[in-house]
Each structure stands twice: as C-alpha cells, then as structure tokens.
Amino acid sequence: MALLEIRDLRVGVEDREVIRGLDLNVNAGEVHAIMGPNGSGKSTLSHVIAGKPGYEITGGQILFRGENLLRMEPNERAAKGVFLAFQYPIEIPGVTTMNFLRAALNAQRKARDQQEFSTPEFLKRVRDVADSLNIPQDMLKRGVNVGFSGGEKKRNEILQMALFEPSLCILDEIDSGLDIDALRIVASGINALRSPKRAMIVITHYRRLLDHIEPEIVHVMSKGRVMKSGGKELALELEACGYAQFEDAA
Amino acid sequence: MVAVQETVERVKRIDVDQYRYGFETLIETDKAPKGLSEETVKFISEKKNEPAWMLQWRLEAYRRWLTMTEPTWARVDYPKIDFQDLYYYAAPKPKKTVTSLDEIDPEILKTYEKLGIPLREVAMLEGVEPKPGEEDPNRRKIAVDAVFDSVSVATTFKAELKKAGVIFMPISEAIREHPELVQKYLGSVVPTSDNFYATLNSAVFSDGSFVYVPPGVRCPMELSTYFRINERNTGQFERTLIIADKGSYVSYLEGCTAPQRDENQLHAAVVELVAHDDAEIKYSTVQNWYPGNSEGKGGIYNFVTKRGDCRGDRSKISWTQVETGSAITWKYPSCILRGDNSSGEFYSIAISNGFQQVDSGTKMIHLGKNTSSRIISKGIAAGKSQNTYRGLVTAHRKATGARNFTACDSLLIGDKCGAHTVPYIEAKNSSATFEHEATTSKISEDVLFYCIQRGLSQEEAVGLVVNGFVKDVLQQLPMEFAVEAQKLISISLDGSVG
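Going down the list, the sequences are from chains A and B.
Numbering follows our numbering, with no gaps: position 180 of the first sequence is 180.
Numbering follows our numbering, with no gaps: position 394 of the second sequence is 394.
In short, the hints are calculated from the structure, not lab data.
Fair warning: this is a prediction, and the values are worked out from it, not measured in the lab.
Among these hints, one or two may not hold up.
Stated by the list, open to error - Straight-line distance between alpha carbons at most 27 Å, and here's what the computed DSS-like set of lysine-lysine pairs gives: (1) K471/B x K124/A; (2) K141/A x K442/B; (3) K471/B x K153/A; (4) K297/B x K487/B; (5) K141/A x K487/B.
Turn these sequences into a full structure, and let the hints guide you.
Rendered as structure tokens:
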C-alpha cells in the first residue's frame, strides 16, 4: 500500500477550480519533487493534504496508509504523521519556541496514546536537534518565529520536523528566501531525516534545491494537474526548456 | 508550559456556557427591607453597630446621591436599573461562636469547598488556626478575609499580622476598633461626592477589608479578600481601604465570584489606597463575577471605583487586574501621583466573551514632580462582546518631568465582537514625556492553522496564542494568582472560536 495515494483530486477556491483531477502515489522511503509555475496548484495541494480550511474538495480522495485523510481534522493528521513545512512560517508573539514545541509534541503523543515526554527528556531531544541545525539555544527562548530571519524561520520548520518524526513531510518552497549557506544547512537537515520509513514531497520552483535534496521522482504540475512524472533528469529538462511545453500539453 | 497544559485540560472538561462558580448556597440570611431610603441606610448602620459619625457620613452621601444621575458616557448598554427593587443588605444569620470546624454551618463549609479553598484554609477562615509548630513551613502564607454577601465571614492570620503591627480586618470592625484611622482616611481618595456609584456605595456599603501597615513594615504575607455574592436580588457594595504608612509595603489580592442567575445583580465597590512617603502598595484583582449565559441573560453589573493616592514622595501604587466576569464592567483603577518621584502602574487583562461589555482602563494623574506611570492593557474580545479601553493620562502644570508609557493591545477572536481604544492625553507641562502605543490584532486563521497543523486542537491553539498575548501582564501577578488567572482566561474563552 502506498503511504499517500491521491486519486482524481479536485479542489475549488472561491468558485475557481485550482486542482483539476490530480493523481499522485507516494511510497515510504521516497522523496518526490513537485515543480511547476506560479498558480499551478502546488501550494494548494500541500494545504489540502494538511487540512487547511478554506478549500472546497469537489472530487476525488486522499488516502494516507489507506485511511481517508480528508475526513480527519488537521491535528489528527499531524498526530498520524503528516507534517507541512510552511512557505511562510507564522509568528506567535509571547509564546516561546520551546513552549510551543513542547505543547505540540505532547499533544501529538497524547493523540497517539503515547506518554508525554518528561521535561529533561524533552529538553535533551530539542537540544540535540537544535545543535544539528545550528540553532542557538537563545532562539528557542524567543517567541515563535518572532524577529527570526528568513533562514532562521526555515530552520525552525526543520527543527519541528526532526522533533515530531512525521512519516510524510511536505516541504512547501523551503528554499524561498534562503541564501546559499542557509540553503545548505536546511538541505542537510532535511537529508538527515531521509529514511526508509519516511516519505517527502518537496515543492519548489527551482532546480537549485534539487541539487541539495536529490529526489527519486520529479513531477511537473501545471493548471492543477500532474502533467509529467519522471526521474531527476526531468528537472534538468525543465530547466533547459521551461514550463511552457507542459502548459501547451494541457 | 505546565500551566498551559493544565489550562487546556480544564477547557476540555468544561462545557460551553458553564460557569464553575454558578452554584447557590442555601443559608438563612438577615436582610434589610427592599429598596433604598434613609431608613435603609440607618438599618445598615445599626446592624453594624456603627458610631454616630459613620451614620452621618452615610446619610450625607445618601442625600448627595439623590441629586445625582447615572453616568452614560461609557460604551455599555443595559436597561435602566431600578434602585428601589434591590436589597441593600444581606448577612448570613449568625450562629453561636465556634471553636472547631464541626460547629460551622455545613452549608458555608460546602461553599468554600466548591470554591476550591482547601479545608485547611477553611479551618483558618473559620478561626480554627493551627497550633504553633504544626504549620507547614513550605507553604506560603496568605491571610484571607472572606466576604459573603454583605458581611465579612472570617479573617485568617490575624494574630500573626498583629505581631508585625499590621491591621487586617473587616472594615466594619475597623470602624469600631480604629475609628481615628478610618475617619482620617475614609473618603480621602474617593470623596463621597465622587460619582454616582461611589456615592451610592458610601451610603450603603456593608463590609470589605481594612488594611493598615505601620511605618517601615513590610507586610509578612500576601493579604487576600474573597468576595462572594450569594443572595438573590441583592446588591453588593463593598468598601476597601488600604493605608501603607511611610516606607511600608503590602501586596493585596482580591477574588470575586457569584451564583448563576437569570436576573442582573449590581455590584458597586469602592477601593481606596493611600501610600505615604516611600511606601508601596501592590493591588491585584481576579474578577470572575457571573458573566451571564450564552444568550446574554443574567450576569453581574460591575460598577467599581478604585483609586490610589500616592500621597508621599517616592511612593508607588501598582494595579494588576484580570477581568473575565460580569455582564458589564465599568472600572478604572487610577493613581493620583501627588508625591514627588512617585509612580503608578496599571496592568490589565480584560476578557469579554458572549454578550459581555467591558469599559475599563485607568487614570494616571501626574501632580508631583518627576512622577512616572506605566500602563499595559491587554483587551481580548470574543463572541458578540464589546471591549473598550478608556484611559486618561494627565500632567498638571506643576508636574515637571512627568513620564508615562502606555501600551494598549487588543486581540479579536471571531468577527462579531468589537475592540475600542479611547485614550485621553493632556499635558499642561511642556516637560512631560507621554508615549502611547496601541495595536489591534486578530487571531487569524493562519495562526490557528499553523498551531493545529503541529498537532494542537483548536482550543489548545487559542489558549496558547492568548496566553502569549497576555504574558506581560500575567507576570505581574503573584504566583498563585497567575496560575489561577491563566486557567480562568482559557475557560472564559471556551467556545469562542468556530
């Protein structure tokens, strides 16, 4: 059984159909890249998988380990192992990153009937992960994403991903707003989390990211549909010829 | 985060529209006849065994009140109150003097239990103090005065406070036992003619707390008063007077609850604080009067006058309030910065949900030289509520070097509520430095989705964001109250989203 199975998905936003019959199969252990021009529906797809309100599912289904994902609340999906790294991480003033991480982690564990982590155990885990991502301790004491640089915000997303140990990671334009050094740190953080039990969907405009995170499968999305899938050489082809050829095909 | 987790737990267990303190205690009471007249005023004064000067004071206030009209400038809307349709005095019928816990009216005992005051403290409340040497040394002591309807039921730790020279007793007792102090200070901060509700209070107040801290004394424990309205159709008019003499310090907390009733009940309190040279008073309130049900029926009308006088040089008064209850809140704890180099602070969290209406804020009146004040106000509006911050900062022409910093933040939850900020700023002295910052924000779908995507439920997410929003003010509260207040905030906002 595929970890994630999307069949003929159709999604509308304010009377406009933005995903128009999309199919996608993702197995555990695979890294998929989804590339496509602005407005092709990439971000919408990531939002719908994670359960963001405001979208109307007009057809099709999404199965996660064979279960109907669309029937679950977003927090249930998180507890089942769906993680979305945001393109624009949200600021929460007054709530320290540390407190946020603990509240979220314990909520997920509780939903899975696992015991909450003790304080020392939790602190150790956070410290280990933070060190590997070059995140200084004082950043964890600041409000969630408040006053963080673009790079810090993205590293904070990867920190959460590492801490929550999800089985499906969706990375929505994780490379946007990053300089080359920050990109390297973020990419190596992501690569460290690759595992036979975990799948990733990397959404991006640029092939550059795929030099750092090598995908098994590349999909080209246009006008709400997957137009073509292939190996990583497809990304090179895209770079040479642009998205236009795929749009014409639609 | 422990507290937040606890908050979250609490919220989960509670149904929308359930007010935890909404029970009623059936005990026999002694009531004044319905309505307000000179007779009522005399009845109350007589019940309290008051000296003649006190009765005269009340009657003057009553006569003054007859000439006054209700203020209408606040952004609150309610049907006209019929002041003749109220009881102005109700007291639990006195039983014989008690020597052990077993002899206290079991109904009153049950009330304390439901309010979450542990039995050990109840024993103290009812005057059964632990023997010396049997006290738990790890426990922080808080002296409690409990006011049930119109009378103070019991005050704890009296003896220990007396040793330090601190007077902490019901004001009705202070009128008899320390008339010189009461006569000197009562009405010296809030005069009997001050405003409609304060004047009404002056005529009919029945009880409240009295505190006097002598020169140079740091009060050895937190002082706390617990107010409970129990009787039907009864107004509560408590009066609190706190005097910190030269170089002294006192921290005082008050908590308030009431039963759940369909009709509205009136609460009109007056609090006066006096701080002499180098003295400091910290006054904290957690107000949780019944707010009315989800359709806006019932709830307490809370019309309160609180004012502190920084009478001495270098004196300091600090107000911290967490306002979650009441159908209507009309309350502006203020500081008169009379002494040179004196300072005033106002930290406020005002939460409104359902059909609650809050019009609250502060007045900082700079009179002395080099006085400073600080205002941090956090308003949270949810449901169909209206939440107004109204504040006045003024510098007299002789108040050279006056400084004020004001930050008013409003948070909206949902799209049917309103937040309003009405600051008045007057500087009659060109050397004054007044800063004002204001923000209004919404808990956006994006913030909630971010939290929920990380595994938090909707309620947990709201609780987390709100706790972050009010953190600056919560930190001002004494530890025990901060935890309690945090729980209260989440409960008050339960069911506010979705």
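A quick look at each hint next to the structure:
1. Between K471/B and K124/A, the direct Cα distance comes to roughly 26 Å. Compliance with the 27 Å bound is thereby established for this hinted pair.
2. Annotation: proposed proximity of K141/A to K442/B holds, straight-line Cα distance about 24 Å (limit 27 Å).
3. Between K471/B and K153/A, the direct Cα distance comes to roughly 23 Å. Compliance with the 27 Å bound is thereby established for this hinted pair.
4. With a CA separation close to 24 Å, the supplied pair K297/B and K487/B stays within the 27 Å bound.
5. Among the hinted pairs, K141/A with K487/B is consistent with the structure: their alpha-carbon atoms are about 23 Å apart, no more than 27 Å.
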